[in-house]
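Whenever a hint applies, use it, and build me the whole structure from the sequences.
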Amino acid sequence: MNNVVKDSKTSRKPFRLDNKKREWLSGYLFILPWIIGVCIFTLWPIIQAFYYSFCEAVFRGNSIVATFTWFENFKYAFATDTKFPTMIREYLLEIVVQVPFSLTFALLISMILNQNIKLRGMWRVIYFLPAIIISGPVVSELMSQGSTTISVASDNIGSAIVSIIPEFFGKLITILFDKLILVLWYTGIPILIFLAGLQRLNKQIYEAAAIDGASKWQSFWKITLPSMSSFILVNAVYMIVTLSNSSLIQEAASSEATSTMSIAQYIATQYTSATGRGYGYACCLGIIYLGIILLHIGLYALIFVPKKPRVKKGGR
Amino acid sequence: MWPFLIVLVVLVLAAILIFTPNPIIVKLHGGPVRINKKKVKKVMLGMNFTDGLVYKLFIYIFLVIVSFIFLYPMIYMLLTSLKPQMDLADSASGLLPSSLYFRNYVEAFKQLGYLKALYKSIIVAMLPTLFNVIIGCLTAYGFARFNFPLKKLWFAIMIITYIVPTALISIPRYAWYAKLKLLGSILTYILPSSLGQGLCFALYFMILYSTFKRLPVQLEESARIDGANNLQIFFRIALPLVIPSIITVLLFSFVWYWNDSETASMYLNIVKAGQDAPRWITLPIALQNYQNSLLDRGEREIILYQGVKMAAVFLSILPLLVNYFVLQRFFVEGIEKSGIAGE
Numbered sequence: 001m002n003n004v005v006k007d008s009k010t011s012r013k014p015f016r017l018d019n020k021k022r023e024w025l026s027g028y029l030f031i032l033p034w035i036i037g038v039c040i041f042t043l044w045p046i047i048q049a050f051y052y053s054f055c056e057a058v059f060r061g062n063s064i065v066a067t068f069t070w071f072e073n074f075k076y077a078f079a080t081d082t083k084f085p086t087m088i089r090e091y092l093l094e095i096v097v098q099v100p101f102s103l104t105f106a107l108l109i110s111m112i113l114n115q116n117i118k119l120r121g122m123w124r125v126i127y128f129l130p131a132i133i134i135s136g137p138v139v140s141e142l143m144s145q146g147s148t149t150i151s152v153a154s155d156n157i158g159s160a161i162v163s164i165i166p167e168f169f170g171k172l173i174t175i176l177f178d179k180l181i182l183v184l185w186y187t188g189i190p191i192l193i194f195l196a197g198l199q200r201l202n203k204q205i206y207e208a209a210a211i212d213g214a215s216k217w218q219s220f221w222k223i224t225l226p227s228m229s230s231f232i233l234v235n236a237v238y239m240i241v242t243l244s245n246s247s248l249i250q251e252a253a254s255s256e257a258t259s260t261m262s263i264a265q266y267i268a269t270q271y272t273s274a275t276g277r278g279y280g281y282a283c284c285l286g287i288i289y290l291g292i293i294l295l296h297i298g299l300y301a302l303i304f305v306p307k308k309p310r311v312k313k314g315g316r
Numbered sequence: 001m002w003p004f005l006i007v008l009v010v011l012v013l014a015a016i017l018i019f020t021p022n023p024i025i026v027k028l029h030g031g032p033v034r035i036n037k038k039k040v041k042k043v044m045l046g047m048n049f050t051d052g053l054v055y056k057l058f059i060y061i062f063l064v065i066v067s068f069i070f071l072y073p074m075i076y077m078l079l080t081s082l083k084p085q086m087d088l089a090d091s092a093s094g095l096l097p098s099s100l101y102f103r104n105y106v107e108a109f110k111q112l113g114y115l116k117a118l119y120k121s122i123i124v125a126m127l128p129t130l131f132n133v134i135i136g137c138l139t140a141y142g143f144a145r146f147n148f149p150l151k152k153l154w155f156a157i158m159i160i161t162y163i164v165p166t167a168l169i170s171i172p173r174y175a176w177y178a179k180l181k182l183l184g185s186i187l188t189y190i191l192p193s194s195l196g197q198g199l200c201f202a203l204y205f206m207i208l209y210s211t212f213k214r215l216p217v218q219l220e221e222s223a224r225i226d227g228a229n230n231l232q233i234f235f236r237i238a239l240p241l242v243i244p245s246i247i248t249v250l251l252f253s254f255v256w257y258w259n260d261s262e263t264a265s266m267y268l269n270i271v272k273a274g275q276d277a278p279r280w281i282t283l284p285i286a287l288q289n290y291q292n293s294l295l296d297r298g299e300r301e302i303i304l305y306q307g308v309k310m311a312a313v314f315l316s317i318l319p320l321l322v323n324y325f326v327l328q329r330f331f332v333e334g335i336e337k338s339g340i341a342g343e
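Residue numbers (our numbering), protein chains in the order written: chain L, 1 to 316; chain H, 1 to 343.
Certain hints may be false.
SDA-like cross-link-like pairs, simulated, lysine to any residue; straight-line CA separation at most 20 Å [what the hints assert, rightly or not]:
hint : chain 1 : residue 1 : chain 2 : residue 2
1    : L       : Lys222    : L       : Thr242
2    : H       : Lys152    : L       : Cys39
3    : H       : Lys179    : H       : Pro32
4    : L       : Lys118    : H       : Tyr55
5    : H       : Lys56     : L       : Met111
What the simulated footprint calls covered on chain H by chain L, stretch by stretch (three residues with Cβ under 8 Å from a Cβ of chain L suffice, anywhere in the stretch; the number is not a length) [as the list claims (entries may be wrong)]:
hint : region
6    : 63 to 70
7    : 99 to 109
8    : 166 to 174
9    : 212 to 226
Derived from the structure by calculation, the hints contain no laboratory data. By construction, the Cβ of each residue, glycine as well, lies at the ideal position given by its N, Cα and C atoms.
The following block contains the structure:
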């Protein structure tokens with residue numbers, strides 16, 4: 001950096017251009033460690049995984065032996081593999097129910113806490129507590145004791161309700177309630193993010209709407225929800241990523257259906273255990289998994305990316 | 001059951017008030033008592049509904065029920081950990097222990113190798129956290145204060161690093177570490193985090209980025225006029241102003257590294273060549289190992305050792321709980337004030 005400073009002192013003439021380039025350089029210097037890291041530890045692995053997903057690759061000693069086989073891995077994953085498609089289906093069913101549910105819940109709680117509520121700090125501390133202690137062994141321990149489920153199916157009224165409605169929705173409800181506590185446990189951070197968003201809303205807008213005759217219900221749909229859209233998106237991304245990366249939630253799901261494994265664990269066993277199909281297949285599954293997550297996030301982005309306000313011309 | 005009863009009583013009262021003529025006359029021993037309907041209605045429903053008694057009652061009962069759902073597993077864990085074996089063997093015994101039995105904790109303390117695992121846990125969580133914070137500040141400041149070509153692209157890549165599932169990223173990383181014979185060494189944690197690829201780095205980046213972004217530029221400009229260079233401005237002006245956010249990031253990173261048993265069991269819980277046991281057994285790993293060792297015993301043993309197991313779970317999160325209750329201001333307000341999603 002000293003060099004740059006000297007340069008600008010000796011040649012004062014092209015000052016503007018120099019200044020700009022200096023800004024470029026210092027910006028890049030600040031983020032340089034991260035750029036190196038992201039290239040080595042994230043981008044390169046993705047490219048590599050993408051390449052190996054088209055290969056039959058196995059560890060031989062400490063190096064990887066790969067032969068290019070085009071789409072064999074993908075074909076195997078969907079046609080021959082018995083576990084993976086069921087896992088993906090279970091995962092999708094779960095996450096499609098859980099994300100909207102947890103977001104609605106977090107928004108509801110944060111709206112309640114945003115009011116004039118006594119002991120506001122205490123409620124916040126309670127709702128955020130699980131986010132601190134949630135970890136693999138702890139949750140799996142609590143789950144094996146059955147202290148994290150509110151079972152509908154075992155309950156008389158619950159099973160009656162489930163049997164009345166169509167099977168598909170019945171299944172969705174069972175999924176939701178089986179892991180209700182677990183899903184709620186992950187809502188600590190979304191609640192805080194929503195709270196931060198709500199506190200920034202201008203109270204005068206609500207007053208103006210009320211004067212114009214809007215009910216609370218209307219002002220929620222017309223004011224609160226649209227202005228929270230960017231927060232909803234951030235929380236949706238957070239929930240999707242967290243739920244996809246934590247093996248716990250799916251572990252519980254797949255235990256009834258296939259085996260006691262999450263997708264992440266299934267991928268890991270492909271290359272760490274002797275019975276797996278090897279490194280290339282693991283990469284292939286990882287790529288498919290990434291694609292599904294991206295699609296899901298894209299869906300939320302389509303709905304909740306804040307639209308640029310259109311300027312209406314000509315009155316009214 | 002009682003919350004539902006209260007709700008029911010209040011609802012019935014409200015219905016009576018709405019559907020009866022004004023004023024209501026109630027005959028008591030002392031003679032008829034006149035109740036002004038309008039006044040009662042105002043107390044029950046309020047001027048605005050949201051400040052009425054009915055609404056408030058509903059809200060508080062809802063909050064209590066939800067907090068119970070949130071706390072139930074913890075309560076269950078604590079109560080079970082204090083149960084003597086007699087209670088555990090008797091399936092008819094309720095949630096409450098018949099007598100407080102602290103031997104479970106002594107046993108769990110021994111089984112986990114607590115002090116050693118605690119020490120290892122602290123190191124494994126602390127070192128990468130420090131790197132996370134240092135690199136996080138540098139990167140966030142770079143993005144928040146300077147314009148440079150391809151900035152948007154790098155920003156998008158930052159978000160992608162958050163989205164990509166760890167299951168995918170860890171495949172090639174695992175292969176490298178195996179190749180470099182790093183498996184089972186703490187370098188598998190330090191290397192990525194020292195280059196800004198630690199656990200949840202993008203999240204910490206966003207917190208710090210939005211904090212830096214909100215600092216007034218004028219402060220830094222005046223320092224520049226006084227002759228300070230970029231590094232001096234960063235260290236002397238910008239950093240001191242974001243200390244609350246730095247503490248938030250520090251705490252979160254620490255907690256998440258502490259809890260991250262999956263990465264640990266993949267990279268750390270491995271016997272390195274020339275050693276007879278894994279060197280870095282953290283508390284979650286010790287807990288997992290203990291759980292697995294119990295699984296090998298019979299069904300009956302598992303039930304009898306539930307108390308010890310729950311005590312072990314509690315011991316393994318105890319440092320986090322203490323940490324949280326002492327510093328909860330930074331956890332909660334840090335996220336709330338950082339405006340992670342704003343703008």
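- Within the assertion that chain L covers the region 212 to 226 of chain H, do at least three residues meet a Cβ-to-Cβ distance smaller than 8 Å? violated (count 0)
- Outcome, coverage hint (the region 99 to 109 of chain H, chain L; C-beta under 8 Å; three residues): With 0 residues close enough to chain L, the hint is violated.
- In terms of beta carbon proximity below 8 Å, does the region 166 to 174 of chain H have 3 or more residues touching chain L? holds (count 9)
- Query: Is the hinted pair Lys179 (chain H) and Pro32 (chain H) satisfied, with a Cα-Cα distance of at most 20 Å?
  - Reply: violated (92 Å)
- Item | Pairwise hint evaluation, Met111 (chain L) against Lys56 (chain H), where the allowed Cα distance is 20 Å at most | Distance of about 14 Å is within 20 Å: holds.
- Message: If you count the residues of the region 63 to 70 of chain H with a beta-carbon closer than 8 Å to a beta-carbon of chain L, do you get 3 or more?
- Response: With 5 residues closer than 8 Å to chain L, the region 63 to 70 of chain H meets the three-residue bar; holds.
- Within 20 Å, alpha carbon to alpha carbon, are Lys118 (chain L) and Tyr55 (chain H)? holds (14 Å)
- Within a Cα-Cα threshold of 20 Å, do Lys222 (chain L) and Thr242 (chain L) meet the stated pairing? violated (30 Å)
- Query: Given the proposed pairing of Lys152 (chain H) with Cys39 (chain L), does the C-alpha separation stay at or below 20 Å?
  - Reply: Satisfied, since the Cα-Cα distance of roughly 16 Å is no more than 20 Å.
When the structure is compared with the earlier hints, violations turn up for hints 1, 3, 7, 9 and for no others.
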